[in-house]
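Participant: Going down the list, the sequences are from chains A and B. Numbered according to the numbering used here, the first sequence terminates at residue 113, and the numbering increases by one at each position without gaps. Numbered according to the numbering used here, the second sequence terminates at residue 109, and the numbering increases by one at each position without gaps.
These are computed hints drawn from the structure, not numbers from a lab. Where hints are given, some of them may not hold.
[What the hints assert, rightly or not] Only pairs whose alpha carbons sit at most 30 Å apart, straight line, appear in this in silico DSS-like list of lysine-lysine:
id	chain 1	residue 1	chain 2	residue 2
1	A	Lys-15	B	Lys-42
2	B	Lys-57	A	Lys-44
3	A	Lys-44	B	Lys-68
4	B	Lys-57	A	Lys-71
5	A	Lys-62	A	Lys-11
6	A	Lys-44	B	Lys-69
7	B	Lys-42	A	Lys-62
[To be verified] Here are some chain B residues pointing at chain A (derived, C-beta under 7 Å):
id	residue
8	Phe-34
9	Pro-40
10	Gly-43
11	Pro-44
12	Thr-49
13	Ala-53
14	Gly-54
15	Asn-91
16	Gln-96
17	Phe-97
Remember, it's a predicted structure, so these values are computed and weren't measured experimentally. For each residue, glycine too, the CB sits at the ideal point set by N, CA and C.
Next come the chains, spelled out residue by residue.
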Amino acid sequence: EAGVAQSPRYKIIEKRQSVAFWCNPISGHATLYWYQQILGQGPKLLIQFQNNGVVDDSQLPKDRFSAERLKGVDSTLKIQPAKLEDSAVYLCASSFRSNTEAFFGQGTRLTVV
Amino acid sequence: EDQVTQSPEALRLQEGESSSLNCSYTVSGLRGLFWYRQDPGKGPEFLFTLYSAGEEKEKERLKATLTKKESFLHITAPKPEDSATYLCAVNQNRNQFYFGTGTSLTVIP
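The whole structure should be built from the sequences, with the hints applied where relevant.
Facilitator: Right under this line is the structure:
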């Protein structure tokens, strides 16, 4: 069974530029998560989708971050404009249901300079 | 406020020296507690799910237990390949998934 696919693996951008990350979840998984993980910390939930609807985006900085999940499958996370403090690993995860284990992709390491 | 706290932050063990990692939580309506392993440069890898107090799960040298306020990950006779960061996460009645900050485990040969 294919796992969660994310791209790109690495991205370096200058502050105030924009960037987008892509995620393809495990087939049949209704719930999709985007997490931000800063070095040395645990993952922080940014947004959670159930099919193509948003369940929770309370920790998403909505003035600069946006996310969508078209047709309840793939998802993109965008940052515009980026700040230095956005440097982190962005992890996508999916689960069959919202209260079952989530499976993670390899993540995208973003460096803002 | 919902919280997940892991201790210790870092742990160094000699190969074969058993120990336990702790995950304490204060959430409203726990729907599941999850343990993950994370290697450097990789996404978290799922280990266990625990749903109710008294539940236990085992896999090779790892055993996870759950009470009403905390969970333990017991590591028996660890090997160097068990070195990683161990994360716990809780899913509560609003379906939000909170992670702790993790315990960095180093097993010395």
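Participant: For each hint, tell me whether it holds in the structure or not.
Facilitator: Hint by hint, here is what the structure shows:
Of the supplied pair hints, the one linking Lys-15(A) and Lys-42(B) holds, its CA atoms being roughly 25 Å apart against a limit of 30 Å. Between Lys-57(B) and Lys-44(A) the CA atoms are separated by roughly 26 Å; this keeps the pair inside 30 Å, and the hint holds. The straight-line distance between the Cα atoms of Lys-44(A) and Lys-68(B) is roughly 24 Å, inside the 30 Å bound, and the hint therefore holds. With a C-alpha separation of about 36 Å, the suggested pairing of Lys-57(B) with Lys-71(A) is violated against the 30 Å cut-off.
At roughly 21 Å between alpha-carbon atoms, Lys-62(A) and Lys-11(A) fall within 30 Å of each other, so this suggested pair holds. Of the pairs offered as hints, the one joining Lys-44(A) and Lys-69(B) holds, with about 21 Å between alpha carbons and a cut-off of 30 Å not exceeded. Proximity of Lys-42(B) to Lys-62(A) is assessed by CA-CA distance (about 27 Å); at most 30 Å being required, the pair is judged to hold. Interface restraint check for Phe-34(B): the shortest CB-CB distance to chain A comes to about 6 Å, inside 7 Å, so the restraint holds.
Violation of the interface hint for Pro-40(B) is found here, the shortest Cβ-Cβ separation to chain A being roughly 10 Å, above the 7 Å cut-off. Residue-level restraint check for Gly-43(B) holds (minimum Cβ-Cβ distance to chain A is 3 Å; threshold 7 Å). A cut of 7 Å between beta carbons decides the hint on Pro-44(B): the least distance to chain A is about 5 Å, and the hint holds. Contact between Thr-49(B) and chain A, as hinted, is supported at the beta carbon level, the nearest pair being about 5 Å apart and thus within 7 Å.
Nearest Cβ of chain A to the Cβ of Ala-53(B): about 16 Å, over the 7 Å cut. The hint is violated. Because the beta carbon of Gly-54(B) sits about 19 Å from the nearest beta carbon in chain A, more than 7 Å, this interface hint is broken. Satisfaction of the interface hint for Asn-91(B) is found here, the shortest Cβ-Cβ separation to chain A being roughly 5 Å, below the 7 Å cut-off. A least Cβ separation of about 5 Å between Gln-96(B) and chain A falls short of the 7 Å threshold, and the interface hint therefore holds.
Checking Phe-97(B) against chain A: minimum C-beta separation of about 6 Å stays under 7 Å; hint holds.
Checked against the numbered hints listed earlier, the structure breaks hints 4, 9, 13, 14; every other hint is satisfied.
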